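Visitor: Chain residues, written in single-letter form:
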Amino acid sequence: MPDKTVEKVEALPGDTASTAGVIVTDAGPAPEKARSLWSDAWHDLRRNPLFLISAVLIVFLLVMSLWPGLFTSASPRDADLAKHYLGKPNWSHFFAPDWLGYDVQGRSIYARVVYGARASITVGVGVTVAVTVLGTVIGMIAGYFGGWTDTLLSRLTDIFLGIPFLLGALVVLNSFDDRTVWVVIMALAFLGWTQIARVARGAVITIKQADYVVAAKALGASTSRILFRHILPNALAPIIVVATIALGGYIAAEATLSFLGVGLGDTAVSWGGDVARGREQLRIAPHTLIIPSVMVSITVLSFLMFGDAVRNALDPKLR
Amino acid sequence: MTIIDETAESPSADGSQGAGRPLLEVRDLHVEFRTRDGVAKAVNGVNYSVAAGETLAVLGESGSGKSVTAQAIMGILDMPPGRIPKGEILFRGQDMLTMSAEERRKIRGNKIAMIFQDALSSLNPVLSVGYQLGEMFRVHQGMSKKDAKAKAIELMDRVKIPAAKERVGDYPHQFSGGMRQRIMIAMALALEPDLIIADEPTTALDVTVQAQVMDLLAELQREYNMGLILITHDLGVVADVADKIAVMYAGRIVETAPVHELYKRPAHPYTKGLLESIPRLDQKGQDLYAIKGLPPNLTRIPSGCAFNPRCPQAQDICRTDIPPLHPVTERDGGELTGRGSACHFWKETIHG
Amino acid sequence: MAELGKKDESMDATPNVTEVETVDAATEEAAVAALDAPVERGEPILQVRNLVKHFPLTQGILFKRQVGAVKAVDGISFDLYQGETLGIVGESGCGKSTVAKLLMMLEKATAGEIFYKGQDITKLSGRALKAVRRNIQMVFQDPYTSLNPRMTVGDIIGETFEIHPEVAPKGDRRRKVQDLLDVVGLNPEYINRYPHQFSGGQRQRIGIARGLALNPEIIVCDEPVSALDVSVQAQVINLMEKLQNEFNLSYLFIAHDLSIVRHISDRVGVMYLGKMAEIGTDTEIYDHPTHPYTQALLSAVPVPDPESREGRERIILTGDVPSPANPPSGCRFRTRCWKAEDKCAQEVPLLAVPERFKGVDTPAAHESACHFAEEKDVVHAA
Chain A
9 MPDKTVEKVE
19 ALPGDTASTA
29 GVIVTDAGPA
39 PEKARSLWSD
49 AWHDLRRNPL
59 FLISAVLIVF
69 LLVMSLWPGL
79 FTSASPRDAD
89 LAKHYLGKPN
99 WSHFFAPDWL
109 GYDVQGRSIY
119 ARVVYGARAS
129 ITVGVGVTVA
139 VTVLGTVIGM
149 IAGYFGGWTD
159 TLLSRLTDIF
169 LGIPFLLGAL
179 VVLNSFDDRT
189 VWVVIMALAF
199 LGWTQIARVA
209 RGAVITIKQA
219 DYVVAAKALG
229 ASTSRILFRH
239 ILPNALAPII
249 VVATIALGGY
259 IAAEATLSFL
269 GVGLGDTAVS
279 WGGDVARGRE
289 QLRIAPHTLI
299 IPSVMVSITV
309 LSFLMFGDAV
319 RNALDPKLR
Chain B
9 MTIIDETAES
19 PSADGSQGAG
29 RPLLEVRDLH
39 VEFRTRDGVA
49 KAVNGVNYSV
59 AAGETLAVLG
69 ESGSGKSVTA
79 QAIMGILDMP
89 PGRIPKGEIL
99 FRGQDMLTMS
109 AEERRKIRGN
119 KIAMIFQDAL
129 SSLNPVLSVG
139 YQLGEMFRVH
149 QGMSKKDAKA
159 KAIELMDRVK
169 IPAAKERVGD
179 YPHQFSGGMR
189 QRIMIAMALA
199 LEPDLIIADE
209 PTTALDVTVQ
219 AQVMDLLAEL
229 QREYNMGLIL
239 ITHDLGVVAD
249 VADKIAVMYA
259 GRIVETAPVH
269 ELYKRPAHPY
279 TKGLLESIPR
289 LDQKGQDLYA
299 IKGLPPNLTR
309 IPSGCAFNPR
319 CPQAQDICRT
329 DIPPLHPVTE
339 RDGGELTGRG
349 SACHFWKETI
359 HG
Chain C
30 MAELGKKDES
40 MDATPNVTEV
50 ETVDAATEEA
60 AVAALDAPVE
70 RGEPILQVRN
80 LVKHFPLTQG
90 ILFKRQVGAV
100 KAVDGISFDL
110 YQGETLGIVG
120 ESGCGKSTVA
130 KLLMMLEKAT
140 AGEIFYKGQD
150 ITKLSGRALK
160 AVRRNIQMVF
170 QDPYTSLNPR
180 MTVGDIIGET
190 FEIHPEVAPK
200 GDRRRKVQDL
210 LDVVGLNPEY
220 INRYPHQFSG
230 GQRQRIGIAR
240 GLALNPEIIV
250 CDEPVSALDV
260 SVQAQVINLM
270 EKLQNEFNLS
280 YLFIAHDLSI
290 VRHISDRVGV
300 MYLGKMAEIG
310 TDTEIYDHPT
320 HPYTQALLSA
330 VPVPDPESRE
340 GRERIILTGD
350 VPSPANPPSG
360 CRFRTRCWKA
370 EDKCAQEVPL
380 LAVPERFKGV
390 DTPAAHESAC
400 HFAEEKDVVH
410 AA
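Protein chains in written order, with my numbering: chain A, 9 to 327; chain B, 9 to 360; chain C, 30 to 411.
Calculated directly from the structure, the hints in this document are not laboratory data.
Keep in mind that this is a model prediction, so the values were computed, not measured.
For each residue, glycine too, the CB sits at the ideal point set by N, CA and C.
Careful, some of the hints might be misleading.
Said to hold, decoys possible - A few chain A residues that face chain C, going by a derived Cβ cut-off under 7 Å, partial list only:
(1) 219
(2) 220
(3) 242
(4) 273
(5) 276
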C-alpha cells in the first residue's frame, strides 16, 4: 500500500457543526483552556438573574440556619408572659427582639423565625440528600442491569409511588412519639425516593446505550468503572435538576406536617409549628400566623427558582 | 454581486411564467444566529434563482449555510435566535420577506413545498398516512373526508407505493424508510406546488432505495414542470439529477456551473479539492487528496476568502479581499453560460 | 494491489485450529487459480466460522416468552489476514454492525466461532477475554456519541491504560497520551480539553487514538467516516491508511459507502440480510461481480461524474429489504432479484466459487452465493 501523508490538523478549536440545518456552535471561540460541560453550565448560571436572586436568598437562609445567633440575641424559647398579647409588631425596631412582635406565650417572633430556619433547611436538605442517594442507587441498578432486577425494582417504585406522599408521611410519623429532625427526614425520604429513582433509571437506560459506554466495555472496563466513571457523571444532570426542584417541596411538606401536628415535636422551633399555633390567634394577632407563613413561602420559592435556573443551565433543550 | 442565472433579469410581478424566467430568486441573503459564543454568520450574501422545470442543486458541507438558506425561503427559521439582516427572497417577483404572515402561509405548502431528510420525524406518528395526506386537501381545498381519502390513495399511487388502497390506513412506522420518503414526496406534491425544496432527501436511505426515490422525484418534477432545489452534500446524487449547481462554503456561493461543466472543469479550489478527495468506484485510486484543515467557525469566519486557510493556492490578496463571484470564461474569453467562481485565481484554477 | 491469502479451506467446513490444513482440493485449486500473485502477507489472524446472532423477539411484561427471532447474522464465515483491510458492505439491516459487535464480544453469539490466533474467543471470559480485547479494538461511527462528554481527552485515552495497566506504567501515561494525539495529527497540548471543544473530524481522530492506545493488532471500524464532512473524510481515511502501515494493523472496515470501501480495502465482503452474498478482492468484487445483489448495489451508487454515469447500466431494484425477522426461504435476495427461479426459493445458495468458474483463470472465480452467478461489469461505462 502506498504511503499516505496526513496533514496535521491546525489548531482550530471551535468550528461549527450543523445538524439538519440548525446551526450549533459546538465549541466556543478559541477556548484557551479546558471547558467542561459543568463549567459551561456555570457560565450560563452566572448570567441568569433568576439564579442570582435565588442564590442570594438561599445563602442568606443557610447562614441563618447555621448561625442564628448572628441575627438575634433573643432566644426563641424565652417566654415572657408579660408580653403575652402585646404582640403587635414594632416595625421601627429593626432586628430587635420585638421587631416582629410576640406570640401568644410572649416569645419573640423574630427570634422564632430566625431559629425556625434551621428545622426547615435541615429537613429540606436532609431529605433531598437522602432521596438523591437512595433514588440514584435504586434507579441506576434497575436501569443498568435490566431484566428481572429492573422488573422487581420498577414494581417496587410503582408501589411507593402509589402511596400519597403526605398521607403516608402522616401515618408513618404518627407512629413515632419522639419526632426529631432525623425521624422526619427518614420518613420523608422513605416515601420520596421514587421520583429520583425513575429519573435515574431513565437516564441510565439512555446512557448505557451510548457509544462511549460501549467503547468502555470493548476496552474491558469493569462494571463499577462503567457505572461510576461513565454512566453516573452523565446521569447526574437530570437527577440534580429534579432534586433541586423537589427540595422546595420537602420544605413545604415539613411545614405542612408540623402544622398538622405530626411534624417535629412540640418543643422544636419550626415555622410549620408556629403557623399552626398562630392559627388560633388569627383574629387578634394575625401576624403570628402570617410571618412564619411568609418565611415558608420565600424559602420554598427560592429553592424552586434555584432548581429552575439549574435546569436551564444543565439541560438547555428543556427550555 | 452577480446573479447566478444569466437569464435572471428583474422578474415581472405579474407572475406570468415565461421561459427561463426565475420562479424563485434569492438576492443577497444574509442570515445570522445569536449563540453563546457570539453571532454566527450562517449565510453571507447568497444569490440564486430557479426557473420552472429546472433543478438547482445546492452543494455544501455542514455549516455551509445550504439548509439555512432553504429554511429562510420556507420561512421556518427559528427567529430568534435567527435573524435576516439583509436580502430579498422573490417568489414570482414578490419579496416574501416583506409579506404578511398570512400571505406567506398561503405560498408555503400551496406554491412551495419542502421535503426533509428524516421522513419518520416529519410525519405525525399517531395519524394514519392517509389522514395526513388527505389533510392537505381538507384544510387547503375544503374537500370532504371521502374525497380527501380518494385523493390520498391517488397520490400514493402516484409515488408508486404498492397496494395504496390497502395501506392508506397504515401509520408511518409501518412503512420502510424508502416508502416513508415517498409519502413525504406525496405530501409535498399534494397541492401541486410550483417549487419543491428537497433537503438531503435521500441521505438517510440505502443506495438501492436512494436511486428509486431520486428517479421518482425527477420524474414527477418533469411531469409537473416544477422547480426543484436539491440541497445535498453528496456530489454523486447531484451529478445524477441537477441541471445547475451552486457550491456553498461558509455561507457564500463559491462556484456556480451547469452540472457537466462543474465535474469536468471546476473553477474554484474548494470544488476542485472536494472532487479530488472522493475515492472512485470504478478504479482503485492511489493517494486520496485531502483538503487540509477544517471548515471555519461561523462566529469567526476568516477575513478575505473564507477558504483561504485551507486553500493550496492562497496568496496575500485572498486573506484581505473577499472575492466576488467572477463570471467564468474560456481561455480565449468565450462565454461560459451560467458559470461563476468566487476565487481571485479562477483563471489559474480552471485553465491550469 | 497484492492478492492476499490463499484459501486453504472451504468456508462452510467447520474448522478448528488443527483442521486449518484440511484442504478441499477443488476449492483450493480454483482459489489458487484466481490468484496470480504470490502471497505477501501472513496467515489469517481472525477466522470467523458460521457465526450466528439471533435476537429473540419476546412478548409479555413479567413472564417473557419468545415469539420469534430477528436473524441479524445468520451463518457468516470469513477470514481476516494479518495486515490487510477487509471491507464489509451492505445496506442497513444487513447485519454488518452486528458482526462488528460480535467480533468485539459486545454481543454473545448465538452459534458459531471466532478464532483469533487459533483460539475461539466466543468461549473466553475473564482475564483471557481481557487479553483478547487488548488486541482487538474498535473505532465507532459517531464521533459525537462515542466520547464521554464529561471526560477530558486525556482521561478518555488514558482510561485504556487504567483498564490495562500493564501496557504503560503510571508515570508514563500522560506522555503516552500526548504521543498518541501527535500520531493522529492533533496538538498534544489539547490533552485537557473536552470532546465538545473539537469538531467531528478531530473527535474521530481522538476515537482512533483511543483505539490505538493498546497497540492492538486488529481494529474493527464501524462506519468510521460516514458521519464526517466530505472534505474531512479523506483526511481520516488517509490517517487510517498511514497508521495501518506504521503499526501493521489489520482492519475490518464496515461501511455502506462502496467507493470508500474500494479505496481502503484489499478484500471486500458483501452482506445481505445476515448472509454473505459475495466475497473477494476489491478487483474481483468491483470489476467482476457475479452476485446479482452486488451488481445492483454497485450500479446504484451515485457517481460524481456525469459523463461516466451516462454510459453505465443501472439496475434499479424494486421493493425494500425484507424483515430479518422473517427472511425469504432459499436465497434471501430472491424477492428482489430479476434472475430468481423456483430453485432460488427452495435451495439456499452456498458461498463458494461458482461451478462454471471453477478452475478457470478469471477474476470472476471468487466466492459468490448465487445459483446463477454470472459476471457483469456495472461500474465502468460501456
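Visitor: Decide, hint by hint, whether the structure agrees.
Guide: A quick look at each hint next to the structure:
no.	hint	result
1	219	holds, 4 Å
2	220	holds, 4 Å
3	242	holds, 6 Å
4	273	violated, 44 Å
5	276	violated, 41 Å
Checked against the numbered hints listed earlier, the structure breaks hints 4, 5; every other hint is satisfied.
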